[in-house]
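**Q** Spelled out, the chains give:
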Amino acid sequence: MFPNKQTTDTLLEAAQVAEVRGRSLWRDAVDRFLKNKAAVGALITLILIGIFALFGDLIAVWNNEEIDWGIMGQIAQKGAPSIANGHYFGADELGRDLYSRTVQGTRISIMVGVVGSVIAVVVGTLYGAVAGYFGGRIDNIMMRIVDILMAIPFMFVLILMLVIFGRSIFMLFVGIGLISWLDMARIARGQTLTIKNKEFVEAAVATGVRPFTIILRHIVPNLLGIVVVYATLLIPGLILTESFISFLGLGVQEPNTSLGALISAGAGQMQYGVIWQLYFPLFFFLVTLFAFFFVGDGLRDALDPKDR
Amino acid sequence: MATDPILSVRDLQVTFDIRRQGAWPWTPPMKLHAVGGISFDLPAGECVGIVGESGSGKSTLARAIVGTVPMSGGSAVFEGQDLATMSPEARRRHRRNVQMIFQDPLAALNPRMTVGEIIAEPLITHEPKTPRKEVKRRVAELMERVGLLPNLINRYPHEFSGGQCQRIGIARALILKPKLLICDEPVSALDVSVQAQVVNLLMELQRDMGLSMIFIAHDLSVVKHISDQIVVMYLGRVMEQADARTLTTRPQHPYTQALISSVPVPDPVLEKARPRMVIEGELPSPLNPPSGCVFRTRCPKAQASCAEARPEMLDLGNAHTVACPFHEVEEVLAVQA
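As they're listed, the protein sequences go chains Z and U. Following the numbering used here, the residues of the first sequence are numbered contiguously, the last one being 308. Following the numbering used here, the residues of the second sequence are numbered contiguously, the last one being 337.
Fair warning: there could be bad hints in the mix.
Unchecked claim - Simulated coverage check for chain Z against chain U, where a stretch passes if three residues somewhere in it have a Cβ under 8 Å from a Cβ of chain U:
hint, segment
1, 142-149
2, 218-231
Unchecked claim - Straight-line alpha carbon distances no greater than 30 Å define the calculated DSS-like cross-link-like pairs of lysine-lysine that follow:
hint, chain 1, residue 1, chain 2, residue 2
3, U, Lys177, Z, Lys198
4, U, Lys301, U, Lys272
5, U, Lys136, U, Lys179
6, Z, Lys37, U, Lys272
7, U, Lys177, U, Lys136
8, U, Lys136, Z, Lys198
9, U, Lys129, Z, Lys198
10, U, Lys301, Z, Lys196
11, U, Lys31, Z, Lys198
12, U, Lys129, U, Lys177
13, Z, Lys198, U, Lys272
14, U, Lys272, Z, Lys196
15, U, Lys301, Z, Lys198
If you are wondering where the hints come from, they were derived from the structure by calculation, not from laboratory data. We put the beta carbon where it would ideally sit given N, CA and C, even for glycine.
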């Protein structure tokens, strides 16, 4: 049966009137990302770790500073992981619950990574885009500042800062934030240089769009692909940095902890038969880093302009 | 044509500083004369075509008039106001009167914006208080006008063909109802069949909206079709200037004659029979242009005197000027429209 003419007409009309939703390049990238099994698996893992870090406290029997006097001094015998006494991951050398400490440490470590890379994305992208877009002398001055900051031995300064201003999580954020955007600024500037010569930017200039609107509307959205990839790969680097600082005994202050501090403590207790003190933090540390790397790789493949 | 010209360009020059790689910062940069003294008048509602091979400074001329490249000399007077001496803010507001269409249709559209956003951008920039509904209505109206289905408003540029992208570019250029439209090789990246559609669309729009146009191309046959007046450029200088009919049927300058003889004639017998003028060699570097007449290095009629002084623009009457003292008509080259 063929539809009669009237139905065809109404159908045609409907097709004409209905607005077609376009497929943005972001949408394509998401589809490509979802096809990548390893990346999706890593993303799910990350979400699970995120849930663990945020809501793990809810099923904890002990909080992270409470000392279980009952097992103190007999950690190797009584502090092993067990469901019965509420120490799911065992206890640390002072008899504190390792489960709630791991939850809290994971939270701090992820926070350091995320805060650092958010600073890198916001400051670095804008700084690099401004330098690249205006070019000439402004670019020269701005990028030389970055070069100078890069030449400063970062770990040394961070350790000095923590020693002088006291160990605090805030100081750690400041230190990591100061340094993390430098590479991002360089990457963003390099990309901006290629984007600003595209004709759509010239079209915007010719139309009379203001320079900062051009940067925000035309440059930054086209930068975001590479920025997102770099930010994802930056997070594990920052987590490693924080862990290293904490491993040295600086960084996060007791009773708070981070994965690096927990690993450090666990490594120190290895020979006393309390190996779980190393296993659990190390497991979360490695899994988090691997997951971030896989997600980053997946994003790079999904957003790589070569695929288009 | 007693009306005042809408745009009057006098001795316009564009110079770029070129820094040699690895030079000391204090060594003076070399000067590249991309456009060296161009003058023409564009009467309101007419179209002036600019032709010349790649590297002859056509696009730079257009960019200087639009204002994305600074002029380094001369003046461009638009409706009594000199664009070169305007304050930056006045210039920015003025940009709504002069819009541009670009060569590469896809590169001229931001890949992260929808077609609707792209077309609306000039409107939002210059009339930020326009209600969203009104913006959308005008965008849809214009899309229809340039031959796009308005329901494609939420699509992205990469989902369109080259011809459609060029139509989007045209719609964006026209949404503010500009007075002057500058087309920088709008059809050279398109298929021949699509070229014709786009050129016809532009002519139609020009007639309906009373647009003045500057149409740049390296293909004389396209320019001839759309322009009232044609300027032939070579290495940043005007070689010949005349109304479209005179220039294509009675070209005087050897370069124009070579350009016209390079346009194929769609008749094999005629094509074989007509004399061919082939100019050899490459365009000389604009960093170090030949002395005297810039075309002399490749000119079939070059003589010793050509190297000595720059040829004057000779007025042949009827607004026909030519920059060659040895000019002569070559009627045989005439191409049928």
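**Q** The structure should be examined with respect to each hint, and the outcome stated for every one.
**A** The hints, checked one at a time:
| no. | hint | result |
| --- | --- | --- |
| 1 | 142-149 | violated (count 0) |
| 2 | 218-231 | holds (count 3) |
| 3 | Lys177(U) x Lys198(Z) | holds (25 Å) |
| 4 | Lys301(U) x Lys272(U) | holds (23 Å) |
| 5 | Lys136(U) x Lys179(U) | holds (22 Å) |
| 6 | Lys37(Z) x Lys272(U) | violated (63 Å) |
| 7 | Lys177(U) x Lys136(U) | holds (16 Å) |
| 8 | Lys136(U) x Lys198(Z) | holds (26 Å) |
| 9 | Lys129(U) x Lys198(Z) | holds (29 Å) |
| 10 | Lys301(U) x Lys196(Z) | violated (43 Å) |
| 11 | Lys31(U) x Lys198(Z) | holds (24 Å) |
| 12 | Lys129(U) x Lys177(U) | holds (17 Å) |
| 13 | Lys198(Z) x Lys272(U) | violated (42 Å) |
| 14 | Lys272(U) x Lys196(Z) | violated (47 Å) |
| 15 | Lys301(U) x Lys198(Z) | violated (41 Å) |
In summary, the numbered hints that this structure violates are 1, 6, 10, 13, 14 and 15.
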